[in-house]
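> Listed below, chain by chain, are the residues.
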Amino acid sequence: MRRHTIVEYNNTIADLLGIASRPADSFLPDAKIDGFTNNEGTQAVTEVQAQQLLGAAETLASAANLAKLVPCDPATGDEACARAFIVQLGKRAYRRSLSADEQNVLLKVYRAARTGGSFADGIRYTLQALLVAPQFLYRPETAADATGRLDGYAVASRLSYLFWATMPDDALMAAADAGRLSRPEEIVAQARRLLDSDRARTPIATFFQQWLHLDDFEHVDKDAKAFPQYTKTLATAMKRELDTFIDAVFWQEAGSTDALLNAPYSFRNAALASFYGEPGPAGTDLQKTPTDPARRAGLLTQGAWATLTSPPDMTNPVRRGKFVREALLCQDVPPPPPDVKVALPKADPQKPSTARERFAQHSAVPLCAGCHRLMDPIGLAFENYDGIGRWRDGENGKAIDATGELIATDKDGTFAGAAALGPRLAASDQVRSCVVLNWFRYGFGRTPTPADDCMLRALEQRFGATGRKARDFLLELVVSDAFLYVGGQR
Amino acid sequence: MIDTKPVSRRTLLRGAGVGVALPMLEAMRPRRAHAATAPRRFLGWFTSNGTISYAWNCLDPGADDPPAPVGMVTAGPAVPPPPKSETDFKLSRILRPLEAHKKDLIVLQNLDLSGKGYAHYESTVHQLVGRRFRLDATGAIKNNAASISLDQELARRIGKDTRIASLQLGVNLKPNDKYNQGCWSFGDGGQPMLPQDNVYEVYRSLFGDVAGGDRATLDRLRGLRRSVLDSVLENAGLLQARLGAADRRKLDQHLTSIREIERRLDAPSAPGGRCTAPGLPGDMLDWKKNDNVPVLGKLQMDMIVMAFACDLTRVATLMWANAGGGGRSHTWLPGSAGEWHGVSHQGDKGDSAGWEKQVRINAWYHEQVAYLLDRMQAVQEDGGTLLDNSVVLVTSEYGNGVMTDSHYHARIPFLLAGRAGGTLRTGRHLSYPKGTLHNGLLVGIARAMGVAIDTFGDPAYGTGPLPRLLV
Numbered sequence: 001m002r003r004h005t006i007v008e009y010n011n012t013i014a015d016l017l018g019i020a021s022r023p024a025d026s027f028l029p030d031a032k033i034d035g036f037t038n039n040e041g042t043q044a045v046t047e048v049q050a051q052q053l054l055g056a057a058e059t060l061a062s063a064a065n066l067a068k069l070v071p072c073d074p075a076t077g078d079e080a081c082a083r084a085f086i087v088q089l090g091k092r093a094y095r096r097s098l099s100a101d102e103q104n105v106l107l108k109v110y111r112a113a114r115t116g117g118s119f120a121d122g123i124r125y126t127l128q129a130l131l132v133a134p135q136f137l138y139r140p141e142t143a144a145d146a147t148g149r150l151d152g153y154a155v156a157s158r159l160s161y162l163f164w165a166t167m168p169d170d171a172l173m174a175a176a177d178a179g180r181l182s183r184p185e186e187i188v189a190q191a192r193r194l195l196d197s198d199r200a201r202t203p204i205a206t207f208f209q210q211w212l213h214l215d216d217f218e219h220v221d222k223d224a225k226a227f228p229q230y231t232k233t234l235a236t237a238m239k240r241e242l243d244t245f246i247d248a249v250f251w252q253e254a255g256s257t258d259a260l261l262n263a264p265y266s267f268r269n270a271a272l273a274s275f276y277g278e279p280g281p282a283g284t285d286l287q288k289t290p291t292d293p294a295r296r297a298g299l300l301t302q303g304a305w306a307t308l309t310s311p312p313d314m315t316n317p318v319r320r321g322k323f324v325r326e327a328l329l330c331q332d333v334p335p336p337p338p339d340v341k342v343a344l345p346k347a348d349p350q351k352p353s354t355a356r357e358r359f360a361q362h363s364a365v366p367l368c369a370g371c372h373r374l375m376d377p378i379g380l381a382f383e384n385y386d387g388i389g390r391w392r393d394g395e396n397g398k399a400i401d402a403t404g405e406l407i408a409t410d411k412d413g414t415f416a417g418a419a420a421l422g423p424r425l426a427a428s429d430q431v432r433s434c435v436v437l438n439w440f441r442y443g444f445g446r447t448p449t450p451a452d453d454c455m456l457r458a459l460e461q462r463f464g465a466t467g468r469k470a471r472d473f474l475l476e477l478v479v480s481d482a483f484l485y486v487g488g489q490r
Numbered sequence: 491m492i493d494t495k496p497v498s499r500r501t502l503l504r505g506a507g508v509g510v511a512l513p514m515l516e517a518m519r520p521r522r523a524h525a526a527t528a529p530r531r532f533l534g535w536f537t538s539n540g541t542i543s544y545a546w547n548c549l550d551p552g553a554d555d556p557p558a559p560v561g562m563v564t565a566g567p568a569v570p571p572p573p574k575s576e577t578d579f580k581l582s583r584i585l586r587p588l589e590a591h592k593k594d595l596i597v598l599q600n601l602d603l604s605g606k607g608y609a610h611y612e613s614t615v616h617q618l619v620g621r622r623f624r625l626d627a628t629g630a631i632k633n634n635a636a637s638i639s640l641d642q643e644l645a646r647r648i649g650k651d652t653r654i655a656s657l658q659l660g661v662n663l664k665p666n667d668k669y670n671q672g673c674w675s676f677g678d679g680g681q682p683m684l685p686q687d688n689v690y691e692v693y694r695s696l697f698g699d700v701a702g703g704d705r706a707t708l709d710r711l712r713g714l715r716r717s718v719l720d721s722v723l724e725n726a727g728l729l730q731a732r733l734g735a736a737d738r739r740k741l742d743q744h745l746t747s748i749r750e751i752e753r754r755l756d757a758p759s760a761p762g763g764r765c766t767a768p769g770l771p772g773d774m775l776d777w778k779k780n781d782n783v784p785v786l787g788k789l790q791m792d793m794i795v796m797a798f799a800c801d802l803t804r805v806a807t808l809m810w811a812n813a814g815g816g817g818r819s820h821t822w823l824p825g826s827a828g829e830w831h832g833v834s835h836q837g838d839k840g841d842s843a844g845w846e847k848q849v850r851i852n853a854w855y856h857e858q859v860a861y862l863l864d865r866m867q868a869v870q871e872d873g874g875t876l877l878d879n880s881v882v883l884v885t886s887e888y889g890n891g892v893m894t895d896s897h898y899h900a901r902i903p904f905l906l907a908g909r910a911g912g913t914l915r916t917g918r919h920l921s922y923p924k925g926t927l928h929n930g931l932l933v934g935i936a937r938a939m940g941v942a943i944d945t946f947g948d949p950a951y952g953t954g955p956l957p958r959l960l961v
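Here the protein sequences line up with chains A and B, keeping their order.
Its first residue numbered 1, the first sequence is counted upward by one per residue in the numbering used here.
Its first residue numbered 491, the second sequence is counted upward by one per residue in the numbering used here.
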């Protein structure tokens, strides 16, 4: 059972009450698990959070425009009107009809506030109670029948929060009311409608941001001595390039894994073209620009990624290799053992060296080699990109050897440079599984358990059948058992 | 101090607006009858990236210490001689901003966190928990032994009677990073209790409930709040029946929080005559901005001092930065240029300029400690001052840091301030045998706070309080 994240709470309040004040921005942040902020395992409400939810409910109830919310004139309203309010707004807030008992709980609050107060007082306290009700804050999965299949309202919520990060709209609720959300073709039609809307853009972008830790970009710090070219303007342009690229991959290439890792184009303006030293458009607007595929193709060859995965004054092949291992292959690399120095080997000005030479100790010392051979040989393939992603053929006057090697994968072998890594990863079944695993984490808001293995295998098949295209996969996902059954299983 | 405005009884009684917890309403009741003396308070203080022990402590480097970086000054005015006795010692350069409070301090030398080579988040978590923490395979803070942190244990034992069990405050944190490096307090079972670094939200929750009405209005308000809280419990009851076991547990935790809030509606918190709401800058201050750290830090310290003075809570932690610094640069501090974590590692290159920067940064944080202690001393209450009735633990996640050998785990800077109601004898420098683990310090603090325990955290790391700590 998931609770609204900060973003979902804000969006839901905006849709429910027409209040766009983003009240949850002042809540304690959502914890991150595997990069995602919506993991249900972290959502138990502490006392501080309960206080914040109550405080927000008070503020919202006093700010709400009652004339728009109650089905009568607030100046002359009576208990019948309050009941109608509870039934109508309650259904939107709980995303399903209220039981008689649930109506009575709210009516009791109305009566307590109405006694000695006005009708409006009664309604405002009722609204407070609605906004702190677990039925509003959580999204319980309720089964329609003994097989554990979700009822139409639960399906409506799942669809809506997956694609729009907010409560179901009128059309979804009408479909649930009419019992249509038990039919797979109707579910797919609704999913398609939601995905075709601009409202899906931000939630989809959020998936990529959190999966690939791209939001860490705002914390990037570069040494001005090592990289005087790295200005705020450049950083902003790079991040826009990355965001625009991902957006294009999802919406124009159906979220193709191959495009994400290999597309021979990017989005550049004059400043970026000059930074990369490649031909490009004039002006400040980003435009789709072909790249030299031997040097740049896909996400991992972009300046922003190279920058994000580097320390302030140099490159760190370990970090780049670790990223590929963890984010794209979903393999965990253990932290360094106790008692080892984890300081980076620094370049000695007296003895010019390449990163490959400086990091050689990792493979020479057996204690280190066990794990570093998983990371360093991948990261070293990126050495043609410096700490801010500029192309270079040499380092400290010595030629760079960008040979990489994959081990412990289904695509093992050596390869020449980062541009040759992309196709291998895109074709890897481990990467395929990893993409699916991350959609599972984001889409279902939880960490899979061994009991989910079967379901994951089935989802991987479906993802494979779409040609590893995430957008098409999402339309398959919504009619999978994983999506339609309580706990994901029949 | 940023513009303090006293909160009059009249202001407080103007009551009904935002905020839930009815703070000051009950505060107007007569001072608690059952306690003749002021309560004891605990504040935990965390800054990041370790220290320079040569400049923090009066120490005699031993054979097992990391070597001094090339070009580093290990003798001379910056490095005072070893203490002559427990009470005859000089403060070294980093601690010198606390000269006026020397009589209020206990400087602790040679305390280690068990083990070495932790990452920043691991040692940070270890500090108040007293156990090794590890990430699980999913990157979540899990651990071979998840457990509660000292502040939360204290809150559980002595936080029952106050309106708020404990405060977790922060200064410009990035609590949302991959490893929860912006978290220092952990509830039962190791549940992260993220600090609040939005000063406006802190203010609202502590002092915001001050818009108006008379006694009858306030009683009505409290009654209505109770009916809203009751509705949560009733709604949950209706929902529970339809949930599975795991979901029910999740909802139960929520309900525990709701019941706790409901119970505290009647908490007999009782401010003394010095209970005043701290001021906030008139213009909205960007609490997410690095450059605002000095003013944000002062505001958070003011909040804590007043929350203690008003007896809204007796337990607090203040996290000055993420473990590892969270990307902070001390842009306001001359001679400290660069990102803090990077600065602290500059010694790896044998860079004495990095050493000097780290000393200056550390000294700046101790200037902030001095501000806090001044403010606590200015609050008069039964049995002396607020500082006399409190114990403040000042620390960082590494010892002679990151300078010479990355992530060095011995000789952690631990400093106590305040007498905890007379249970601690201050004005002392206590040196322990090398390798003494810090768990005895956690036990000692608990004892000083009147909580009788023999071990805290992993019992394998020691039993009983640190010798000589308590009166």
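A couple of the hints might just be wrong.
[Said to hold, decoys possible] Not everything, but these chain B residues come out facing chain A in the computed CB check (under 10 Å):
1) Gln-658
2) Gly-672
3) Leu-684
4) Pro-685
5) Tyr-690
6) Leu-714
7) Arg-715
8) Leu-719
9) Ala-736
10) Leu-741
11) Glu-750
12) Gln-870
13) Glu-871
By construction, these hints were calculated from the structure, which means they are not laboratory data.
Glycine included, every Cβ here is placed at the ideal spot set by N, Cα and C.
> Against each hint, give a clear statement of whether it holds in the structure.
Right, here's what the structure says about each hint:
no. : hint    : verdict
1   : Gln-658 : holds (8 Å)
2   : Gly-672 : holds (9 Å)
3   : Leu-684 : holds (5 Å)
4   : Pro-685 : holds (8 Å)
5   : Tyr-690 : holds (7 Å)
6   : Leu-714 : holds (6 Å)
7   : Arg-715 : holds (8 Å)
8   : Leu-719 : holds (8 Å)
9   : Ala-736 : holds (8 Å)
10  : Leu-741 : holds (6 Å)
11  : Glu-750 : holds (5 Å)
12  : Gln-870 : violated (30 Å)
13  : Glu-871 : violated (26 Å)
In summary, the numbered hints that this structure violates are 12 and 13.
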